[in-house]
Every structure is written in structure tokens, then in C-alpha cells.
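Chemist: Respectively, the protein sequence lines represent chains W and E. Residues 142 to 254 (this note's numbering) are what the first sequence spells out, left to right. Residues 21 to 130 (this note's numbering) are what the second sequence spells out, left to right.
Derived by calculation from the structure, the hints in this document are not laboratory data. Model, not experiment: these values are computed from the prediction. Cβ atoms here follow ideal geometry from the backbone N, Cα and C, with glycine treated the same way. Hints are supplied without guarantee of correctness; some may be wrong.
[Unchecked claim] Sample of chain E residues at the chain W side, in silico, Cβ under 7 angstroms:
hint: 1; residue: T31
hint: 2; residue: G35
hint: 3; residue: A62
hint: 4; residue: P63
hint: 5; residue: F65
hint: 6; residue: K117
hint: 7; residue: L118
hint: 8; residue: F120
[As the list claims (entries may be wrong)] Simulated DEER-style distance windows between Cβ atoms:
hint: 9; chain 1: W; residue 1: R226; chain 2: E; residue 2: S23; range: 21 to 31 angstroms
hint: 10; chain 1: W; residue 1: D204; chain 2: E; residue 2: R79; range: 23 to 33 angstroms
hint: 11; chain 1: W; residue 1: R205; chain 2: E; residue 2: S28; range: 38 to 48 angstroms
hint: 12; chain 1: E; residue 1: R79; chain 2: W; residue 2: G239; range: 25 to 35 angstroms
hint: 13; chain 1: W; residue 1: E159; chain 2: E; residue 2: Q99; range: 43 to 53 angstroms
[What the hints assert, rightly or not] Sample of chain W residues lacking proximity to chain E, with all beta carbon distances greater than 12 angstroms (derived):
hint: 14; residue: N193
hint: 15; residue: S207
hint: 16; residue: P225
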Amino acid sequence: DAGVIQSPRHEVTEMGQEVTLRCKPISGHNSLFWYRQTMMRGLELLIYFNNNVPIDDSGMPEDRFSAKMPNASFSTLKIQPSEPRDSAVYFCASRTGGGTEAFFGQGTRLTVV
Amino acid sequence: GQSLEQPSEVTAVEGAIVQINCTYQTSGFYGLSWYQQHDGGAPTFLSYNALDGLEETGRFSSFLSRSDSYGYLLLQELQMKDSASYFCAVYGGATNKLIFGTGTLLAVQP
């Protein structure tokens, strides 16, 4: 398997623009996590899906952030409108239902100018 | 809520042994994991403890004490390539979500 695939790897956008980050989990994994990593706040869990259903979105910072998982092989994280403070590395991770290991994608480095 | 505390930085020399501690507060605890992250890379899984005691995987060992809400990662025979950030993480809360600690930056010196 190719692992968790995220796109794009890098994104530079202007403040106010919409940004969409994409994630393809490992086939057969039914849990998917979105994290944001910054120096100040570390690795923050944004949202967690199980069997394509959002289980916990308590980490989503505000209404500008939304996430979807329309099927088992694809998820998106959208920021609209984007702000400079959203600049961070965004990671997607997946795991099997009974598994203990979360597999991370290579991340999307987002810069909002 | 959930919180995990780790030292921010640790320095050690090649060949030495280092221990990285983690204390946690969470409801509905399921297990403690450790992840390694090299600069610019993705976190990668090292170990998982659900029960009290020591788990050994090669040069790395991980310990858990559920009664003390405490665990540690032990790295032996340190190598330069072990220089990285190390995160403890818990599965917990009502939704069994995976929450990460603040991370410990390990610098291995020659």
C-alpha cells in the first residue's frame, strides 16, 4: 500500500481565499484523523471520523473550518476564508478499527499570506 | 478534557540511555502510544501500552503505570539518527480519540 496520501504537499494562499486539503487513507482503515501542527500549539486533533462519520469535531477551531468524508477512501479539510494564523502543517492519519497504530500522511504545509 | 505533559527538550550523547517521561490526564483511558517525528517529516509509530509494565522493541522500550497516569519511553544505545521529536499520545475520552502530548526534542550529540 502507498500509505496515507495527502495533497497538496505545499499550499501558499492569500488571506480570505478558500483552501481545500485532501487525504486518501490506507485501504481498509476505517478511522481517519485530521491534525494541525504548529510550534506554539503542537499536534492538535481537529476532527476524527469513524466509518466515514464524524465522531469528534471538538478540536475544529471555528466555523471557518469544515471536514467531510464522503466515502472510505477520501476526506477533505476546508478552510474558508483562510487567515494567516491558519498557517501550519496539516496531517491526516488513518488506522484500522481495532488497531493501535495511526499511520500519518506526509502532511500539507499551508502558508496564508 | 485531556492533557499530556512531557519535557520539552532532552540532550544525550551517542551510546547513552535516555528516558522521556509522560504524565497524562484523561477520562476513559485506553492506552498510551509513542511516536517519533524527524524534522520536516510525519510522526511514525513506535509503541503502544494498554497494560501496566514494560514493552521492549529493539533499542526502544515503553513503560506504563495506569495507577500513576504515567509512562516513559526508554531509548538505549543512542545513535545520531535518534535525534528527533518524541510524542506520547493517549487514546481516551468518550470517543477514543488520539491526543498527542507537547513533544520532547531529543538531541543526540557525538
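Chemist: All the hints need checking, so say for each whether the structure fits it.
Modeler: Verification of the hints:
no., hint, result
1, T31, "19 angstroms, violated"
2, G35, "29 angstroms, violated"
3, A62, "4 angstroms, holds"
4, P63, "5 angstroms, holds"
5, F65, "4 angstroms, holds"
6, K117, "5 angstroms, holds"
7, L118, "6 angstroms, holds"
8, F120, "4 angstroms, holds"
9, W/R226 - E/S23: 21 to 31 angstroms, "22 angstroms, holds"
10, W/D204 - E/R79: 23 to 33 angstroms, "46 angstroms, violated"
11, W/R205 - E/S28: 38 to 48 angstroms, "30 angstroms, violated"
12, E/R79 - W/G239: 25 to 35 angstroms, "28 angstroms, holds"
13, W/E159 - E/Q99: 43 to 53 angstroms, "44 angstroms, holds"
14, N193, "15 angstroms, holds"
15, S207, "18 angstroms, holds"
16, P225, "21 angstroms, holds"
Checked against the numbered hints given earlier, the structure breaks hints 1, 2, 10 and 11 and satisfies all the rest.
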